[in-house]
Amino acid sequence: MRTSRPIRSSGFIEYVLWLFTRFSGLLLLLFAAISMGVAFSLGGRTLLDLPTMTRWVFFPNPNHVVNSDIPDVSVGWSNAFWQIFSVLMIFLAAGHGINGVRMVLEDYISRPLLVAMLRVLLFMLWLACMIFAVYVILYS
Amino acid sequence: MALSRRVSFLAGLRYRGKQGMLNFILHRITGLGIVAFVGIHVVAGFFGQQFGDDLSFALNTIYESWQFQLFVYFSVLYHALNGTRLTLMDLFPKLMRFQRELLWLQWAIFVVSFGFPSYFLIQTSLSSS
Amino acid sequence: MKVKLRILRYDPEKDKRPHFENYVVEGQPNDQVLDLLNQVKWYQDGTLAYRRSCAHGICGSDAMRINGVNRLACKVLVKDVGRKIKIEPLLGMPVVKDLIVDMEPFFEHYRSVMPYFVNDDPPPQRERLQSIVERERFDDTTKCILCAACTTSCPSFWASGEYIGPAAFVQAHRFIFDSRDRAAAERLVVLNERMGVWRCHDIFNCTEACPREIEITKAIGELKMAVAKGRID
Chain Y
1 MRTSRPIRSS GFIEYVLWLF TRFSGLLLLL FAAISMGVAF SLGGRTLLDL
51 PTMTRWVFFP NPNHVVNSDI PDVSVGWSNA FWQIFSVLMI FLAAGHGING
101 VRMVLEDYIS RPLLVAMLRV LLFMLWLACM IFAVYVILYS
Chain V
1 MALSRRVSFL AGLRYRGKQG MLNFILHRIT GLGIVAFVGI HVVAGFFGQQ
51 FGDDLSFALN TIYESWQFQL FVYFSVLYHA LNGTRLTLMD LFPKLMRFQR
101 ELLWLQWAIF VVSFGFPSYF LIQTSLSSS
Chain H
1 MKVKLRILRY DPEKDKRPHF ENYVVEGQPN DQVLDLLNQV KWYQDGTLAY
51 RRSCAHGICG SDAMRINGVN RLACKVLVKD VGRKIKIEPL LGMPVVKDLI
101 VDMEPFFEHY RSVMPYFVND DPPPQRERLQ SIVERERFDD TTKCILCAAC
151 TTSCPSFWAS GEYIGPAAFV QAHRFIFDSR DRAAAERLVV LNERMGVWRC
201 HDIFNCTEAC PREIEITKAI GELKMAVAKG RID
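Residue numbers (the working numbering), protein chains in the order written: chain Y, 1 to 140; chain V, 1 to 129; chain H, 1 to 233.
The following block holds chain Y by itself, in its conformation from the complex (with noise of 0.2 Å):
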């Protein structure tokens, strides 16, 4: 109504990370829910145990869900559609996790220096699990 300046602070970014957290939650909600769908459809509608059910809501890639009892499901998964949500469900969910140990060490952790460091360390280690998961998703 009032304000028409755009909201700009030091807190910019911590605004984003708010942001991404909670839509991260939610769209992270949604791929459990289509990765469940899939494996109810690919017949898995009497052959599923919580923890199988549990490997498919989590990563729906060939490699993690080979072990069920599913038949075939390799077949039909090595397509761009599924290698783009794969890597999109790592992206969200390392992101999500990370952020979320960010704003735990930082509610607990009084030195600035180590708090800096960490942040560096975490950046590092989300960065490496991008990585990981996208050599693992198109190359194996």
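Bear in mind the hints are in silico, worked out from the structure with no lab data behind them. Treat the hints with care, since some could be wrong.
For each label pair, taking beta carbons as the anchor points, the in silico distance ranges come out as [as the list claims (entries may be wrong)]:
| no. | chain 1 | residue 1 | chain 2 | residue 2 | range |
| --- | --- | --- | --- | --- | --- |
| 1 | H | K4 | V | F68 | 23 to 29 Å |
| 2 | Y | M117 | H | D45 | 45 to 51 Å |
| 3 | H | V118 | Y | P112 | 30 to 36 Å |
| 4 | V | L102 | Y | M117 | 37 to 43 Å |
| 5 | V | R100 | H | D139 | 19 to 25 Å |
| 6 | V | Q67 | H | H56 | 52 to 58 Å |
| 7 | V | A36 | Y | I34 | 21 to 27 Å |
| 8 | H | P29 | V | F98 | 28 to 34 Å |
| 9 | V | F114 | Y | I34 | 20 to 26 Å |
| 10 | Y | M124 | V | L91 | 28 to 34 Å |
| 11 | H | D15 | V | L102 | 42 to 48 Å |
| 12 | Y | P112 | H | G230 | 26 to 32 Å |
| 13 | V | I25 | H | V118 | 37 to 43 Å |
| 14 | V | L91 | H | W42 | 50 to 56 Å |
Going by beta-carbon spacing under 10 Å, a handful of chain H positions derived as facing chain V [as the list claims (entries may be wrong)]:
| no. | residue |
| --- | --- |
| 15 | G68 |
| 16 | K218 |
| 17 | I220 |
No residue lacks a Cβ here, since even glycine has one placed at the ideal position from N, Cα and C.
Place chains V and H on chain Y using the hints.
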């Protein structure tokens, strides 16, 4: 950005907050737990697959045991439901007026959606072993 | 009826660390906890230090932790908390003596959100008019008495004293959503800082602790949306 903390972690825990604080603590514990489980699982899976490492196989065996699955399922389901509640309240602040009702609703959904699968999981695991 | 009080005492000039002391006083179920503290101070131990002023829940002087929860000693009755009462000072602010805490960190954050009316427009002939709906918008947050019960119940504030804290957010809400005020943009910039609204994790300790029953977390939620959208509606 120097933090000035005057309340120790334990002193904070001694505060008798109501359900909201319990949920906050559980959300953090389950969140950190998921990061730990998934991290260990991924690393163990990688080492097991690439180098046939014994420790990795042992870790994954623990990870895939039904008792541990129950634990993981609890964490994930709780974290997801609580996170959904928080997100909804953040996006629609009007809902915060009904925060206590939302909490009870969340627990009701949790009990049902945790209870049934874990009942069947325990049943099949006990009968098959 | 005998009531057992367990009070956390600390005199920085004498004691190395805070310690509990027990007192037994005569009390009625309808007595305020503040009445019991008065009995201790007036008849048993004159060295006990605590703040009090109006004794009617309006001045906000006597916020303290009663049985582990932030309350006003003058609004809590003995029948609400039972016969064994544990009384401690507020968390997260330096203790001056016994139940008295240094409120300066609290008021520092309070000042940071510009808790005053800003409007440089030339004053109209008579009054700056406001509709009933416009007044209703921030009615809830006008009730604040600055007792600090909310801020000192917040885990984010415990984690970092830099966190602006619920009480200051309530004040910011009161002025930002006032249709006559013109400084909403500046306040929103303050709220968007690293230790601003994004450190609120919707724990609801503040809402539960508030003696005036202000829906603090809801007010903070509205502020979050205002910062996110960059406008007020």
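Okay, the hints, checked on the actual structure:
As the Cβ distance of K4(H) to F68(V) is approximately 46 Å, the hint placing it in 23 to 29 Å is violated. A hinted range of 45 to 51 Å for the beta carbons of M117(Y) and D45(H) is consistent with their spacing of about 50 Å. Between V118(H) and P112(Y) the CB atoms are about 33 Å apart, so this pair conforms to the stated range of 30 to 36 Å. As the Cβ distance of L102(V) to M117(Y) is approximately 38 Å, the hint placing it in 37 to 43 Å holds.
In this structure the hint that R100(V) and D139(H) lie 19 to 25 Å apart at CB holds, the actual value being about 22 Å. Roughly 56 Å separates the CB atoms of Q67(V) and H56(H), a value that falls within the hinted 52 to 58 Å. Between A36(V) and I34(Y), the C-beta spacing of about 26 Å keeps the proposed range 21 to 27 Å intact. Range check, P29(H) to F98(V): Cβ separation about 32 Å, and the 28 to 34 Å hint holds.
Checked against the hint of 20 to 26 Å, the pair F114(V) and I34(Y) passes, with Cβ atoms roughly 22 Å apart. Roughly 32 Å separates the CB atoms of M124(Y) and L91(V), a value that falls within the hinted 28 to 34 Å. About 44 Å separates the C-beta atoms of D15(H) and L102(V), a value consistent with the hinted range of 42 to 48 Å. Taking the beta carbon of each, P112(Y) and G230(H) are about 30 Å apart, inside 26 to 32 Å as hinted.
Between I25(V) and V118(H) the C-beta distance comes to about 40 Å, which sits within the given range of 37 to 43 Å. The beta-carbon spacing between L91(V) and W42(H), approximately 53 Å, falls within the hinted interval of 50 to 56 Å. Because the closest C-beta pair between G68(H) and chain V is about 4 Å apart, less than 10 Å, the hint holds. Using the Cβ-Cβ criterion of 10 Å, the hint placing K218(H) at the interface with chain V is satisfied: the shortest such distance is roughly 4 Å.
Interface hint at I220(H): satisfied, since its Cβ lies 8 Å from the closest Cβ of chain V, which is below the 10 Å cut-off.
Checked against the numbered hints given earlier, the structure breaks only hint 1 and satisfies all the rest.
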